[in-house]
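Peer 1: With chain A's structure known, arrange chain B on it following the hints.
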Amino acid sequence: GQQLNQSPQSMFIQEGEDVSMNCTSSSIFNTWLWYKQDPGEGPVLLIALYKAGELTSNGRLTAQFGITRKDSFLNISASIPSDVGIYFCAGVPGQGAQKLVFGQGTRLTINP
Amino acid sequence: SAVISQKPSRDICQRGTSLTIQCQVDSQVTMMFWYRQQPGQSLTLIATANQGSEATYESGFVIDKFPISRPNLTFSTLTVSNMSPEDSSIYLCSVLRLAGKHNEQFFGPGTRLTVL
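Chains A and B, in that order, give the protein sequences.
According to my numbering, the first sequence is numbered sequentially starting from 1.
According to my numbering, the second sequence is numbered sequentially starting from 1001.
A couple of the hints might just be wrong.
[Unchecked claim] Think about it this way: if two alpha-carbon atoms lie no more than 30 Å apart in a straight line, the pair counts; the simulated BS3-like pairs of lysine-lysine are: (1) B:1007 / A:70; (2) A:51 / A:99; (3) A:99 / B:1065; (4) A:70 / A:51; (5) B:1007 / B:1065; (6) B:1101 / A:99; (7) B:1007 / A:51; (8) B:1007 / A:99; (9) A:99 / A:70.
[Unchecked claim] Residues on chain B that point at chain A, a partial pick, calculated with CB under 7 Å: (10) 1026; (11) 1107; (12) 1110; (13) 1116.
Hint data in this document are derived by calculation from the structure and do not stem from the laboratory.
Don't be surprised by glycine CBs; every beta carbon is placed ideally from N, CA and C.
Isolated chain A, as found in the complex (with noise of 0.2 Å):
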């Protein structure tokens, strides 16, 4: 089936420093969904992209759905403590049902 590779697992960053994950497939998604996961949360929808090619910013968010449709990134900009949690990227593939697939998670860590 389809997966998603998701990189870097984890990050260790001062605040105030920019912060870039990607999520990378070998095969073909039609939309990419990022989404943010606090402690004892479920996942909240960051950014959601459904054409190849697009850049979406959510304020100091900037997501990407690559022109392949093979991969997306997701860039911070300016990091803050509250954006310490657990970054996934997820995806509808390009055939079949409604069903996403989802990255394994970037955990990101910021230092004051």
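Peer 2: Only chain B this time, still in chain A's reference frame:
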């Protein structure tokens, strides 16, 4: 976004017992799903909850272990049957809602299950 509530938020259960988790959405949605998130892991789809018919299970998940109901468009239950410690996970309800021309998928807060 959709407002999704789950009950209970957490529970500690004994081996061999069953637990039913409820999911309530604030408005009608096109699709409802149940996911499992094992400790330190990503999310795995258990099944799609179909309104008025049997749920559609993913490979590795069966109805006898995870019976699901969806009596209407805003409510679903997931039962974890005959539990063992390996069932200790977070169970998440998720819904698909049409937003403009596209579908967006939202998650409930999760039910944290510990089986002793």
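Peer 1: Determine for every hint whether it applies to the structure shown.
Peer 2: Consistency of the hints with the structure:
1. B:1007 / A:70: Status violated; Cα separation ~37 Å.
2. A:51 / A:99: Measuring from Cα to Cα gives roughly 18 Å; hence the hint holds.
3. A:99 / B:1065: holds, 21 Å
4. A:70 / A:51: holds, 12 Å
5. B:1007 / B:1065: holds, 19 Å
6. B:1101 / A:99: holds, 18 Å
7. B:1007 / A:51: violated, 36 Å
8. B:1007 / A:99: Distance ~24 Å between residue 1007 (chain B) and residue 99 (chain A) Cα, so the pair holds.
9. A:99 / A:70: holds, 16 Å
10. 1026: Status violated, d = 15 Å.
11. 1107: Holds, because the Cβ-Cβ distance from residue 1107 (chain B) to chain A comes to roughly 4 Å (cut-off 7 Å).
12. 1110: holds, 5 Å
13. 1116: violated, 20 Å
Of the hints listed earlier, those the structure fails to meet are numbers 1, 7, 10 and 13, in rising order.
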